[in-house]
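*Asks:* Quick note, the sequences are listed as chains F and X, same order.
Mapping the first sequence onto this note's numbering, position 2 (from 1) lands on 2, and the numbers just tick up by one.
Mapping the second sequence onto this note's numbering, position 89 (from 1) lands on 1089, and the numbers just tick up by one.
Source of the hints: derived by calculation from the structure; they are not laboratory data.
None of the values given here were measured: they were computed from a predicted structure.
Take these hints with a grain of salt, some might be off.
Stated by the list, open to error - Per label pair, the in silico range of CB-to-CB distance:
id, chain 1, residue 1, chain 2, residue 2, range
1, X, D1424, F, T124, 38 to 46 Å
2, X, L1255, F, G66, 53 to 61 Å
3, F, D236, X, D1219, 16 to 24 Å
4, X, G1165, F, D236, 55 to 63 Å
5, X, D1219, F, E224, 32 to 40 Å
6, X, Y1032, F, D116, 45 to 53 Å
7, F, D94, X, G1165, 38 to 46 Å
As the list claims (entries may be wrong) - Straight-line C-alpha distance at most 30 Å; calculated DSSO-like pairs for lysine-lysine:
id, chain 1, residue 1, chain 2, residue 2
8, X, K1308, X, K1061
9, X, K1038, F, K79
10, F, K70, X, K1038
11, X, K1057, X, K1382
12, X, K1237, X, K1334
13, F, K117, X, K1038
14, X, K1231, F, K193
15, X, K1033, X, K1358
16, X, K1312, X, K1081
17, F, K117, X, K1028
18, X, K1237, F, K193
19, F, K180, F, K35
20, F, K117, X, K1033
21, F, K69, F, K35
22, X, K1231, F, K206
23, X, K1308, F, K79
24, X, K1081, F, K79
25, F, K115, X, K1033
26, F, K115, X, K1028
27, X, K1061, F, K115
Ideal Cβ positions, reconstructed from N, Cα and C, are used throughout, including at glycine.
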Amino acid sequence: MDTVTIERKSNISTEHSSRIYWLGRYTERAFTTLKSLERLYDKVIDRDPEHYKKYLDCFGLNDIYGDYKKFFRSFIFDKDNCCSAAYSLERAYDNGIVLREEISTDALAYLQLAKDKLESSENTPQGLVVAMMPLEDILYGFYGCFADHVYNGEIRDIFFCAKSVERVELYIRLKYRSEKILSESERMCEFLKRIPENTPYRYNEKNLEGLMKMIYSKEYIGRESEAISLIARLFDGGAI
Amino acid sequence: MIKMKNRQILPVTNADEINQLLRRYGVKFGVYKNGQFKEQFFPFDPIPRIIESEKFKVIEKGLVQRADALNKFLFDIYHGKNIIRDGIVPEDFVYISSGYLPQCEGVTPPENIYSHISGIDLVEGGDGEWYILEDNLRIPSGASYPLIARELTRAASPDVFSENGVVDNRNYAKLLKDTMDFVNRGGINAILTPGRYNAAYFEHSYLAELTGAALVQNDELYVEDNMLWQKTYSGGKTRIGALYRRISDEYLDPLTFNSQSLIGIPNLMEAYRSGNVAIINSLGNGVADDKGIYYFVPKMIEYYLGEKAILKNAPTYLPFYEEDRDYVLKNIHKLVIKDVAEAGGYGVVFGSDLSEEKLADFRKTIINEPRRFIAQEVIDFKDLPILENGEQVMRKADLRAFVLSGETTRVWASGLTRFSRNPDSFVVNSSQGGGFKDTWILSR
Chain F
1 MDTVTIERKS NISTEHSSRI YWLGRYTERA FTTLKSLERL YDKVIDRDPE HYKKYLDCFG
61 LNDIYGDYKK FFRSFIFDKD NCCSAAYSLE RAYDNGIVLR EEISTDALAY LQLAKDKLES
121 SENTPQGLVV AMMPLEDILY GFYGCFADHV YNGEIRDIFF CAKSVERVEL YIRLKYRSEK
181 ILSESERMCE FLKRIPENTP YRYNEKNLEG LMKMIYSKEY IGRESEAISL IARLFDGGAI
Chain X
1001 MIKMKNRQIL PVTNADEINQ LLRRYGVKFG VYKNGQFKEQ FFPFDPIPRI IESEKFKVIE
1061 KGLVQRADAL NKFLFDIYHG KNIIRDGIVP EDFVYISSGY LPQCEGVTPP ENIYSHISGI
1121 DLVEGGDGEW YILEDNLRIP SGASYPLIAR ELTRAASPDV FSENGVVDNR NYAKLLKDTM
1181 DFVNRGGINA ILTPGRYNAA YFEHSYLAEL TGAALVQNDE LYVEDNMLWQ KTYSGGKTRI
1241 GALYRRISDE YLDPLTFNSQ SLIGIPNLME AYRSGNVAII NSLGNGVADD KGIYYFVPKM
1301 IEYYLGEKAI LKNAPTYLPF YEEDRDYVLK NIHKLVIKDV AEAGGYGVVF GSDLSEEKLA
1361 DFRKTIINEP RRFIAQEVID FKDLPILENG EQVMRKADLR AFVLSGETTR VWASGLTRFS
1421 RNPDSFVVNS SQGGGFKDTW ILSR
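If we strip away everything but chain F, and leave its shape as in the complex, we get:
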């Protein structure tokens, strides 16, 4: 069979760099949302059925659900709830679909699989956590495929940098343990330093320093919105 030898271009368009960045953020948002909801589910089923309200507090949201079952249904499956896993997965797909030639059909297929899995899980009789596990596996597969199939290092760096930024933000917002936040923040710094200068995702030295100072000293505790605001101003390219 005649095949094509592809010389991948080294320059990424502005539009695609933004898509790659948001693909990283939304896939991670879907993933961490699922993970954190799993932890929460463990608490509400027999210890504190109202504990989900603390999750809502982290996003500054009122309880319009009345009970944890409705809350979980919305935060996992409701595509109109901008904090749900389904919403994030849709946005990840929206960004991924325009990057086929950058990230490969193989990697993109994982996003389609994840969407399909989430939709088919909505009415599953299984326990919620067990139902969500294959979806997390698919997302792990997506990350692996991305790392394996995308040969352009700049694309990989933007993607994994964005993924890490999102994780740090969510960990802070959801009040994860400080050791976890610190580990992820240090990893984020590694990724940030790989992004070339004069690009929209090159970090702003002063803001990164400010953020890391807060994290090392744990000053972000009780001042989460301040830390999140620094994350939003992390790049020279402007607020995100």
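Based on the hints, put chain X in the right spot on chain F.
*Replies:* Same frame as chain F, but now just chain X:
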């Protein structure tokens, strides 16, 4: 088993599995219904259309001949116009055509190629003869579907391919890249898409991936010093030497064509006119795939190549000519009438479907606007089997063949076979609910 003349063919039967794989790989097309965009999976039928090697050789020769003649016609129309001067094609059919672009007069595309990718629709008649239904020389789409279907079918039903001796069709990306490289004026190859909400977006992105071309939209492109550039995220620019555009002529450059276009690139025409970028397919091709011009293609083949057309047109009448008009008005009830300005299966009316009253109205419209329509005999074309709820049923199907013109003219040994979902319908377009099949060319 599928019976052929000298042998039996082991069929693909695991349709559900293959359709699931197609879904997994996002093989979709977009449709707008009531102003809403929806993506649909393109239903795949596993029973392939099979063309024997000897038969394909004839089709191949006929298609190469046709694409070559159409390319020569386009060059002639925008330059010397010899074919008009020699009375082969009346000028009325050229200058009235909405596809004729006066802005392209005297502009010579790189390597003189206008139609790099010609999508030529054919049907096989009940008598085994192949007829050309129409030529698509602007933005013919559909190659990606049999391409990915073959990839997945081979994975899902390997035995079928080890048994049957089917020509591998996965060289389409190579053919396309060779074509782009041949006309490239320096720089990268790029595929210009109007965006995710275009009906054929899957195809744009899949072909970009397979050929290594950049998938671009207008807002990342600009023309400077009569050259086409892509902005990069580091503030630099990359030159584009060949642009495989998937946007209609009229929207490509708002400074030359439709000034309201928000998806075009200002001054692209200048870069093209200066010979600094190849546009694939070239601008102005609509004049040659006009349904009215179709009638003249066999004459073009004789005129430019000195050969008889190998593949026949469906018997066609032009109401523009008095004699043909009389025939059409008398026999409208058994003809299919096509509005030359429409595409995608729209504007096609079967006289047999119309009431007496509607026929009378239609006759008046034809008398008032004879240039607007062509009429064709309804070809008794061969039905193909499809699987429906596990049962084989027969449906109308056509074949879109792809001819790529670069250093040489080559026919892709495959094609998009589209079939009608409705048992009584001749309309096979995906936008109207049709599905698709793979097209196998046997190697022995």
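*Asks:* Each hint needs a verdict: does it hold in this structure or not?
*Replies:* Against the structure, the hints come out as follows:
In this structure, X:D1424 and F:T124 meet the distance hint of 38 to 46 Å, their C-beta atoms being roughly 41 Å apart. At roughly 59 Å, the beta carbons of X:L1255 and F:G66 sit within the given window of 53 to 61 Å. Judged by the Cβ atoms, the range 16 to 24 Å given for F:D236 and X:D1219 holds: they are separated by roughly 22 Å. About 59 Å separates the C-beta atoms of X:G1165 and F:D236, a value consistent with the hinted range of 55 to 63 Å.
At roughly 36 Å, the beta carbons of X:D1219 and F:E224 sit within the given window of 32 to 40 Å. Judged by the Cβ atoms, the range 45 to 53 Å given for X:Y1032 and F:D116 is violated: they are separated by roughly 24 Å. At about 43 Å, the CB distance of F:D94 to X:G1165 agrees with the hint of 38 to 46 Å. Our distance criterion of 30 Å between C-alpha atoms is met by X:K1308 and X:K1061, whose separation comes to about 12 Å.
Between the alpha carbons of X:K1038 and F:K79 the distance comes to roughly 16 Å, so the proposed pair stays at or under 30 Å and holds. For the given pair, F:K70 sits about 29 Å from X:K1038 by alpha-carbon distance, which is consistent with the 30 Å threshold. A hinted pair counts as satisfied when its Cα atoms are at most 30 Å apart, and X:K1057 with X:K1382 qualifies at roughly 20 Å. Our distance criterion of 30 Å between C-alpha atoms is broken by X:K1237 and X:K1334, whose separation comes to about 58 Å.
The suggested pairing of F:K117 with X:K1038 holds, with an alpha-carbon distance near 20 Å, which does not exceed 30 Å. Between X:K1231 and F:K193 the CA atoms are separated by roughly 23 Å; this keeps the pair inside 30 Å, and the hint holds. Between X:K1033 and X:K1358 the alpha-carbon distance is near 27 Å, which keeps this suggested pair within the 30 Å criterion. Between the alpha carbons of X:K1312 and X:K1081 the distance comes to roughly 25 Å, so the proposed pair stays at or under 30 Å and holds.
For a cut-off of 30 Å, the pair hint linking F:K117 to X:K1028 stands: about 18 Å separates their Cα positions. Restraint check: the Cα-Cα separation between X:K1237 and F:K193 comes to about 24 Å, which is no more than 30 Å; the hinted pair holds. This hinted pair checks out: F:K180 and F:K35 have alpha carbons roughly 14 Å apart, not beyond 30 Å. With a C-alpha separation of about 27 Å, the suggested pairing of F:K117 with X:K1033 holds against the 30 Å cut-off.
Using a Cα cut-off of 30 Å, the hinted pair F:K69 and F:K35 holds, with the two alpha carbons roughly 17 Å apart. Taken as a hint, the X:K1231 and F:K206 pair is honoured in the structure, with Cα atoms around 28 Å apart against an allowance of 30 Å. Distance check on the hinted pair: X:K1308 and F:K79 sit about 60 Å apart at the alpha-carbon level, beyond 30 Å; violated. A distance of roughly 58 Å separates the Cα atoms of X:K1081 and F:K79; the hinted pair therefore is violated under the 30 Å criterion.
For a cut-off of 30 Å, the pair hint linking F:K115 to X:K1033 stands: about 23 Å separates their Cα positions. The hinted pair formed by F:K115 and X:K1028 meets the criterion: a straight-line CA distance of about 15 Å does not exceed 30 Å. The suggested pairing of X:K1061 with F:K115 is violated, with an alpha-carbon distance near 46 Å, which exceeds 30 Å.
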